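Please build the complete structure, drawing on both the sequences and the hints.
Below are the chains, spelled out letter by letter.
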Amino acid sequence: MARITAGVGCSHVPAIGVAMDTGITEQPYWQPVFKGFEFSRKWIAEKKPDVIFLVYNDHCTAFDASCIPTFALGAAAEFHPADEGWGPRPVPVVKNHQKLASHIAQSLVLDEFDMTIMNEMEVDHGLTVPLSVMFGEVSPDDEWPCLVIPLAVNVVQYPAPTGNRCYQLGKAVRRAIESFPEDLNVMIFGTGGMSHQLQYKRAGLINPEFDKMFLDKLTQDPVGLSQMPHVDYLREAGSEGVEMVMWHVMRGALDDEVTEVHRHYHVPASNTAVGHIILENKNI
Amino acid sequence: MTDKDYEDIPGTFVFDADRSREGYYLNQFCISLRLQKNRDVFNAGEEAYLDKYPMTPEQRSAVLARDWNLLLELGGNIYYTSKLAANDGINFQNLAGLMTGMGVDKYREMMLNGGRSIEGNRYKSEWENK
Chain A
121 MARITAGVGC SHVPAIGVAM DTGITEQPYW QPVFKGFEFS RKWIAEKKPD
171 VIFLVYNDHC TAFDASCIPT FALGAAAEFH PADEGWGPRP VPVVKNHQKL
221 ASHIAQSLVL DEFDMTIMNE MEVDHGLTVP LSVMFGEVSP DDEWPCLVIP
271 LAVNVVQYPA PTGNRCYQLG KAVRRAIESF PEDLNVMIFG TGGMSHQLQY
321 KRAGLINPEF DKMFLDKLTQ DPVGLSQMPH VDYLREAGSE GVEMVMWHVM
371 RGALDDEVTE VHRHYHVPAS NTAVGHIILE NKNI
Chain B
82 MTDKDYEDIP GTFVFDADRS REGYYLNQFC ISLRLQKNRD VFNAGEEAYL
132 DKYPMTPEQR SAVLARDWNL LLELGGNIYY TSKLAANDGI NFQNLAGLMT
182 GMGVDKYREM MLNGGRSIEG NRYKSEWENK
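In the order they appear, the protein sequences are chains A and B. Residue numbering for the first sequence follows our numbering, starting at 121 and increasing by one per position. Residue numbering for the second sequence follows our numbering, starting at 82 and increasing by one per position.
No wet-lab data here; the hints were simulated from the structure. Do not take every clue at face value.
What the hints assert, rightly or not - Simulated restraints, written as ranges between beta carbons of each label pair:
| id | chain 1 | residue 1 | chain 2 | residue 2 | range |
| --- | --- | --- | --- | --- | --- |
| 1 | B | Asp148 | A | Ile144 | 29 to 37 Å |
| 2 | B | Leu151 | A | Asp303 | 51 to 59 Å |
| 3 | B | Glu209 | A | Asp352 | 17 to 25 Å |
| 4 | B | Ala146 | A | His382 | 14 to 22 Å |
| 5 | A | Glu298 | B | Glu207 | 30 to 38 Å |
Said to hold, decoys possible - When the alpha-carbon atoms are kept at most 20 Å apart in a straight line, the in silico SDA-like pairs for lysine to any residue are as follows:
| id | chain 1 | residue 1 | chain 2 | residue 2 |
| --- | --- | --- | --- | --- |
| 6 | B | Lys85 | A | Lys337 |
| 7 | A | Lys321 | B | Leu179 |
| 8 | A | Lys337 | A | Thr379 |
| 9 | A | Lys321 | B | Gln174 |
| 10 | A | Lys332 | B | Leu193 |
| 11 | A | Lys321 | B | Glu154 |
| 12 | B | Lys118 | A | Tyr320 |
| 13 | A | Lys167 | B | Glu207 |
| 14 | B | Lys205 | A | Tyr320 |
| 15 | A | Lys321 | B | Asp148 |
| 16 | B | Lys85 | A | Pro349 |
| 17 | A | Lys321 | B | Arg147 |
| 18 | A | Lys155 | B | Glu154 |
| 19 | A | Lys332 | B | Gly195 |
| 20 | B | Lys118 | A | Gln347 |
| 21 | A | Lys219 | A | His200 |
| 22 | A | Lys155 | B | Leu179 |
| 23 | A | Lys321 | B | Lys118 |
| 24 | B | Lys85 | A | Gln347 |
| 25 | B | Lys205 | A | Val351 |
| 26 | B | Lys187 | A | Tyr149 |
| 27 | A | Lys321 | B | Val185 |
| 28 | A | Lys155 | B | Lys118 |
| 29 | A | Lys332 | B | Arg203 |
| 30 | A | Lys155 | B | Gly195 |
| 31 | A | Lys155 | A | Thr145 |
| 32 | B | Lys205 | A | Leu354 |
| 33 | A | Lys321 | B | Glu209 |
| 34 | A | Lys321 | B | Lys205 |
| 35 | B | Lys85 | A | Pro279 |
| 36 | B | Lys85 | A | Asp352 |
| 37 | B | Lys85 | B | Ala98 |
| 38 | A | Lys321 | B | Tyr204 |
| 39 | B | Lys85 | A | Met348 |
Note that the structure is a prediction, hence the values are computed from the model and not measured. Yeah, the Cβ is synthetic: ideal placement off N, Cα and C, and Gly gets one too.
Have a look at this one:
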């Protein structure tokens, strides 16, 4: 039986990908960002996931304003890194566990989560930067160490799905994965955030107290945290901070009680507070 | 829709369905610049390229003037307008430097020092008293 062993929360700042792709991660500006992922890279190399269910948002790459699905599940065999306006990232093509993805799609709809199913899709930095920070530099001619099932969540056009909806979706994703007969070690990633605002006159907003509260409650009071209204994210964590709703999908898929095995927080990476957490299920 | 609880956040546009409707062709123009083949055509003749997108005259002139804040006021969204900026060689951080009126260096300095504090930046009323 497939099982979910751990969850990873992490920011997906595009400039982090650029720093890795241009080999400047040792510069004083970037060094503290990457230092916080040293533990994580060892951890994931030891834990060896077979599949990562990766929750992220597309930044108007696969979806422009003409089509805005709230939840879009990647069911294609593979996903190519997209040109986001400065050329595609030099990272491997992302390969899917297509049978598991199809199973999850079917299970979720019958579980009353009405997914959009993507049989062709390019992926942007929202998906590839979390893989890069967790696995390190991987040449485009090599392969990522595991298979990836992408779930793209709309957070560009207001309203994003509520925290509660995301949390409940996480529970449904877990039911789907645990009803798949193959013996698989599955991890779930929630990405985006933390506090940041990219636009207009309040750009540059960072709120470390909010971010710390979010990380604390993610472990200790996930249900309470999932009830937070959108306006609190927008006001307290910046207009783009609302991306953090995606972390609730990850949390919902884990046990009620989890072990926090790692946390990293750093300001700034470009315009953004970088946050990262690793949560393990207790009975694995 | 009159009761938008997010309208009292200062210096912020929440890109909701009303803004998305107003900015549709502007944003679709911007996102077309994601691809090199389109950037080549745009850069060879901006006016002719813009003719393909039925945006308002105000939106069109804001594009030509690269008035980054006005683009947002007219329904643009940052993930779209950033593609126009990228075409001009302006990254997200430098674009923020322009939109805040701080300039690139001062903005970068602010971020290195921990970013813009939440204190005094939660409600429009706090900015009015500045």
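Results of checking the hints against the structure:
For aspartate 148 (chain B) paired with isoleucine 144 (chain A), a C-beta distance near 32 Å keeps the hint of 29 to 37 Å intact. Distance hint check for leucine 151 (chain B) and aspartate 303 (chain A): the Cβ-Cβ separation is about 57 Å, which falls inside the suggested range of 51 to 59 Å. For the pair glutamate 209 (chain B) and aspartate 352 (chain A), the supplied restraint of 17 to 25 Å holds, since their beta-carbon distance comes to about 22 Å. Checked against the hint of 14 to 22 Å, the C-beta distance between alanine 146 (chain B) and histidine 382 (chain A) comes to roughly 47 Å, which is inconsistent with it.
Distance hint for glutamate 298 (chain A) and glutamate 207 (chain B): a CB-CB separation of about 48 Å, inconsistent with the stated range 30 to 38 Å. This hinted pair does not check out: lysine 85 (chain B) and lysine 337 (chain A) have alpha carbons roughly 27 Å apart, beyond 20 Å. Using a Cα cut-off of 20 Å, the hinted pair lysine 321 (chain A) and leucine 179 (chain B) holds, with the two alpha carbons roughly 9 Å apart. With a CA separation close to 13 Å, the supplied pair lysine 337 (chain A) and threonine 379 (chain A) stays within the 20 Å bound.
Taken as a hint, the lysine 321 (chain A) and glutamine 174 (chain B) pair is honoured in the structure, with Cα atoms around 13 Å apart against an allowance of 20 Å. As the CA atoms of lysine 332 (chain A) and leucine 193 (chain B) are separated by approximately 19 Å, the hinted pair is consistent with the 20 Å bound. A hinted pair counts as satisfied when its Cα atoms are at most 20 Å apart, and lysine 321 (chain A) with glutamate 154 (chain B) qualifies at roughly 11 Å. Restraint check for lysine 118 (chain B) and tyrosine 320 (chain A): the C-alpha separation of about 29 Å exceeds 20 Å, so the hint is violated.
A hinted pair counts as satisfied when its Cα atoms are at most 20 Å apart, and lysine 167 (chain A) with glutamate 207 (chain B) does not qualify at roughly 49 Å. At most 20 Å may separate the alpha-carbon atoms for a hinted pair to count; lysine 205 (chain B) and tyrosine 320 (chain A) meet this at roughly 14 Å. The suggested pairing of lysine 321 (chain A) with aspartate 148 (chain B) holds, with an alpha-carbon distance near 13 Å, which does not exceed 20 Å. Restraint check for lysine 85 (chain B) and proline 349 (chain A): the C-alpha separation of about 13 Å stays at or below 20 Å, so the hint holds.
For the hint linking lysine 321 (chain A) to arginine 147 (chain B), the alpha-carbon distance of about 16 Å falls within 20 Å, and the restraint holds. The straight-line distance between the Cα atoms of lysine 155 (chain A) and glutamate 154 (chain B) is roughly 39 Å, outside the 20 Å bound, and the hint therefore fails. Of the pairs offered as hints, the one joining lysine 332 (chain A) and glycine 195 (chain B) holds, with about 14 Å between alpha carbons and a cut-off of 20 Å not exceeded. Distance hint between lysine 118 (chain B) and glutamine 347 (chain A) is unfulfilled; the C-alpha atoms sit about 45 Å from each other, more than 20 Å.
Note on lysine 219 (chain A) and histidine 200 (chain A): the hinted pairing holds, with a Cα-Cα distance of about 19 Å set against a maximum of 20 Å. For the hint pairing lysine 155 (chain A) with leucine 179 (chain B), the CA-to-CA distance comes to about 31 Å; that exceeds 20 Å, so the pair is violated. At most 20 Å may separate the alpha-carbon atoms for a hinted pair to count; lysine 321 (chain A) and lysine 118 (chain B) exceed this at roughly 32 Å. With a C-alpha separation of about 19 Å, the suggested pair lysine 85 (chain B) and glutamine 347 (chain A) falls inside the 20 Å cut-off, and the hint holds.
Using a Cα cut-off of 20 Å, the hinted pair lysine 205 (chain B) and valine 351 (chain A) holds, with the two alpha carbons roughly 14 Å apart. The suggested pairing of lysine 187 (chain B) with tyrosine 149 (chain A) holds, with an alpha-carbon distance near 16 Å, which does not exceed 20 Å. The hinted pair formed by lysine 321 (chain A) and valine 185 (chain B) meets the criterion: a straight-line CA distance of about 13 Å does not exceed 20 Å. A hinted pair counts as satisfied when its Cα atoms are at most 20 Å apart, and lysine 155 (chain A) with lysine 118 (chain B) does not qualify at roughly 38 Å.
For the suggested pair lysine 332 (chain A) and arginine 203 (chain B), the alpha carbons sit about 18 Å apart, so the restraint of at most 20 Å is met. For the given pair, lysine 155 (chain A) sits about 18 Å from glycine 195 (chain B) by alpha-carbon distance, which is consistent with the 20 Å threshold. With a C-alpha separation of about 9 Å, the suggested pair lysine 155 (chain A) and threonine 145 (chain A) falls inside the 20 Å cut-off, and the hint holds. Annotation: proposed proximity of lysine 205 (chain B) to leucine 354 (chain A) holds, straight-line Cα distance about 13 Å (limit 20 Å).
Proximity of lysine 321 (chain A) to glutamate 209 (chain B) is assessed by CA-CA distance (about 14 Å); at most 20 Å being required, the pair is judged to hold. For a cut-off of 20 Å, the pair hint linking lysine 321 (chain A) to lysine 205 (chain B) stands: about 12 Å separates their Cα positions. Taking the CA atoms of lysine 85 (chain B) and proline 279 (chain A), the gap is near 11 Å; set against the 20 Å cutoff, the hint holds. Of the pairs offered as hints, the one joining lysine 85 (chain B) and aspartate 352 (chain A) holds, with about 13 Å between alpha carbons and a cut-off of 20 Å not exceeded.
Distance restraint check for lysine 85 (chain B) and alanine 98 (chain B): the Cα-Cα separation of roughly 12 Å lies within the 20 Å cut-off, and the hinted pair is therefore satisfied. The straight-line distance between the Cα atoms of lysine 321 (chain A) and tyrosine 204 (chain B) is roughly 13 Å, inside the 20 Å bound, and the hint therefore holds. Pair hint lysine 85 (chain B) plus methionine 348 (chain A) holds up; C-alpha atoms about 16 Å apart against a cutoff of 20 Å.
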